[in-house]
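Q: As you go down the protein sequences, you meet chains A and B in turn.
Take the first sequence: its letters are residues 1 to 232, numbered as in the numbering used here.
Take the second sequence: its letters are residues 1 to 417, numbered as in the numbering used here.
Check each hint, because a few of them may be wrong.
The list that follows gives simulated cross-link-like pairs (lysine to any residue, SDA-like), each with its CA atoms no further than 20 angstroms apart [to be verified]:
| # | chain 1 | residue 1 | chain 2 | residue 2 |
| --- | --- | --- | --- | --- |
| 1 | B | K381 | A | T143 |
| 2 | B | K171 | A | E41 |
| 3 | B | K33 | B | Q45 |
| 4 | B | K381 | A | E182 |
| 5 | B | K195 | A | G45 |
| 6 | B | K190 | A | Y156 |
| 7 | B | K33 | B | Y8 |
| 8 | B | K381 | A | Y156 |
| 9 | B | K381 | A | T79 |
| 10 | B | K33 | A | Q38 |
| 11 | B | K381 | A | A120 |
| 12 | B | K190 | A | G45 |
| 13 | B | K190 | A | F24 |
| 14 | B | K33 | A | T79 |
| 15 | B | K381 | A | Q38 |
| 16 | B | K90 | B | T49 |
| 17 | B | K171 | A | E182 |
| 18 | B | K171 | A | Y156 |
Residues from chain B shown here face chain A by an in silico Cβ test under 7 angstroms; the list is partial [as the list claims (entries may be wrong)]:
| # | residue |
| --- | --- |
| 19 | H16 |
| 20 | F176 |
| 21 | A218 |
By construction, these hints were calculated from the structure, which means they are not laboratory data.
Idealized CB from N, CA, C, for every residue including glycine.
Letter by letter, the chains look like this.
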Amino acid sequence: MNTSNQSGLVQYRFRDAIGGFFEFPTENARALLPTDLQPIEPHHGSSVLSVMAFDFHDSPVGEYGELILSILVAPRVDTGQIWPRSAFWPFRLGTTTPESREHAIERWHLPHYMKDISIAWDRGDGHVTINATDRGEPIVDMTITEHEWSNVEHPYQAFMYDDDGAYTSTIVMAGRFSENEEERGGIVIHSQAMTDLLSNWEVDVTPFRELWMRDGMQTFHPLRHLAAFAPR
Amino acid sequence: MAASVLDYDYSNFFYHANDDPFAILEPFNEWVKAALPQGYYLFSQAMSTPPEGEIRLTEGLHGRQLRLINLSSYNYLGLSTRPEVIAAAKDALDKYGLGAAGSPILSGMMDVHVRLEEDLARFKKKEAAIVFPTGYSTNVGLIAGLMRPGDWIIEDQSAHASIVDGAILSKANVRFFRHNNPADLERKLKQATGKKLVAIEGVYSMDGDVCPLPELVAVAKKYGARIMLDEAHSSFVYGPTGRGVAELYGLENEVDIHVGTFSKALGGQGGYVAGSRNLYNYLKGFARSRVFSCALSPVVAAGVRKSLEIAQREPALRDTLWANVRHIRSRLEEAGVDVGDSTSQIVPIMVRNDRRVFEICHRLLGAGVYLQPVIYPAVAKHRSRFRVSISAAHTREQLDEGAAILIRVLREERILV
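Please model the entire structure based on the sequences and the hints provided.
A: Next comes the structure, spelled out in structure tokens:
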């Protein structure tokens, strides 16, 4: 299926997408973020690590799984554009297939862990747990719980940069959505090459916000080139 | 379906990375314009009567004049309209004029301020008490006046914005521990080195729950941290003589810094820090929010002095307040209303639906009850609620009528089954 239409939108359909927002000290966020990006702070001194996992079943590169580590940052929106619900700076992604990894690097300039990972999904009663591994070596275990479900279409914004330049894209997430701040989920971040940047981050083990989307579609809008955007 | 107005809230418009600081104004105002009729008009509606059990206000959507049962105002002991308090304020107005016309460290200190500080120190059984013009400036001035870059401030995650902002202004390292969780406080204190301050509240303003003071004090002492206890909502309400949660637990000497306000139980305005004379003298010099503000109006100071005198003289006011709290709580709980973890005069009515809380509040207003929706980011997502504040001045008829309307509307809206 070719899901890139004439307007440049690229669509990825998924069974489940889950995310946890975890607080960690802002000094650790600033040490990693490009200088032009500002971390958002739910509490003074605390930034937000977003850990997301996708179970894609239909995309330009077929079926695959994806684990994304991001920092929530301030959005950048020109007059007349859609104001995003949140903005992300993904700093490391892992995918389950080489095709999906190459596609995301080439098309979206997203920084990747360069090995295939595995993501096991355990869908329980009211919660889902993922175990991400690299040939049996644990990377991340995360549990997200459900709340009330509703159909939504939420715009987000992502920032990316690589040796070619800096970019931003609007990403629209549509599907059945559940979100809560009940602090029932959890995460274990294992010491592993994909998570090496997080080793001294003091990441909270309980997400202050848990997000879950089912039977949804992720739509990437065309990249916009950003002039000023420099790595630290 | 496209994103709707209520998919956004104030938190979405706090940050932006555009080059022009004004770039946020147009998107924010577009959102506000759309959000007002969706329910945001329920905030800041103009009251035209005192904050008593029954009020009149100009409704914010169509400008209608409404007579409402007021379940929103603090005024816990009903002192804001006590004739003696008003008389004291009027006398002060005649004697001093409207304002202090100066900073308290320059010309703004009047004898009424000195008397108020002395009265407070005596009441709190502390060496000294220092008065600030608002509750907000009290915490900001105290924390930023005392703590420095490199120090550590460990705060409850539900701490009031004034505590948060004081910590920001101090440039100290800040960590938040999970609400009322001594184990998490210990985890955070373990990471801190050097000077440490633990900032907690007696009663939390959105949940109405009381802090587990003995456990928190034990942890703070174990790590050599100083403790500041903000009793904005518990002073003059809790404890055998109204000295607050610290008195209730018998820990007044273990708490290093006692904070309170005049705007809640005493029905006035302003705040205070009570503690040692050395602390008083230091804050007098370094609490910049006080140094660089005009002193509390002598009119308010005189009214607050009288309120404080009445609060001490008439413990029956606290008895009436607690009887009212028990009364409305029993009405609500018998009907199955979810009041969260509250045990205080602040009774959250949990709706737990961030969209419907607006329409339910709109219906309550039409039915005769004055409340505001409490939504994210003031509380966690899906913990939206109404915050009922009970006063000793509420009559049983007002409480019964207010509770009956609440229960009826919550049932009709299927929040209550």
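Q: Has the given pair, B/K381 with A/T79, been kept, meaning a C-alpha gap of at most 20 angstroms?
A: Violated, at roughly 28 angstroms.
Q: Interface hint check: B/H16, Cβ to nearest Cβ on chain A, cutoff 7 angstroms. Holds or violated?
A: holds, 5 angstroms
Q: Per the CB criterion, is B/A218 less than 7 angstroms away from chain A?
A: violated, 23 angstroms
Q: For B/K190 and A/F24, compute the direct alpha-carbon distance and say whether it is at most 20 angstroms.
A: holds, 16 angstroms
Q: Mind checking the alpha carbons of B/K381 and A/T143 for me, to see if they're no more than 20 angstroms apart?
A: holds, 19 angstroms
Q: Given the hinted pair B/K33 and B/Y8, is their alpha-carbon gap at most 20 angstroms?
A: holds, 13 angstroms
Q: Taking only the CA atoms, is the gap from B/K171 to A/Y156 under or equal to 20 angstroms?
A: violated, 32 angstroms
Q: Going straight from one Cα to the other, do B/K381 and A/Y156 come out at no more than 20 angstroms?
A: Given that 20 angstroms is the threshold and the Cα spacing comes to 18 angstroms, the pair holds.
Q: Given the proposed pairing of B/K90 with B/T49, does the C-alpha separation stay at or below 20 angstroms?
A: holds, 18 angstroms
Q: So if I understand the rule, the pair passes when the alpha-carbon distance is 20 angstroms or less; does B/K171 with A/E41 pass?
A: The given pair, whose Cα atoms are some 15 angstroms apart, holds under the 20 angstroms limit.
Q: Compare the distance between the alpha carbons of B/K190 and A/G45 with 20 angstroms, and conclude whether the hinted pair is satisfied.
A: It holds: about 17 angstroms lies between the C-alpha atoms, which stays within 20 angstroms.
Q: Going straight from one Cα to the other, do B/K381 and A/E182 come out at no more than 20 angstroms?
A: Measuring from Cα to Cα gives roughly 8 angstroms; hence the hint holds.
When each numbered hint is compared with the structure, violations occur for hints 6, 9, 10, 11, 15, 17, 18, 21.
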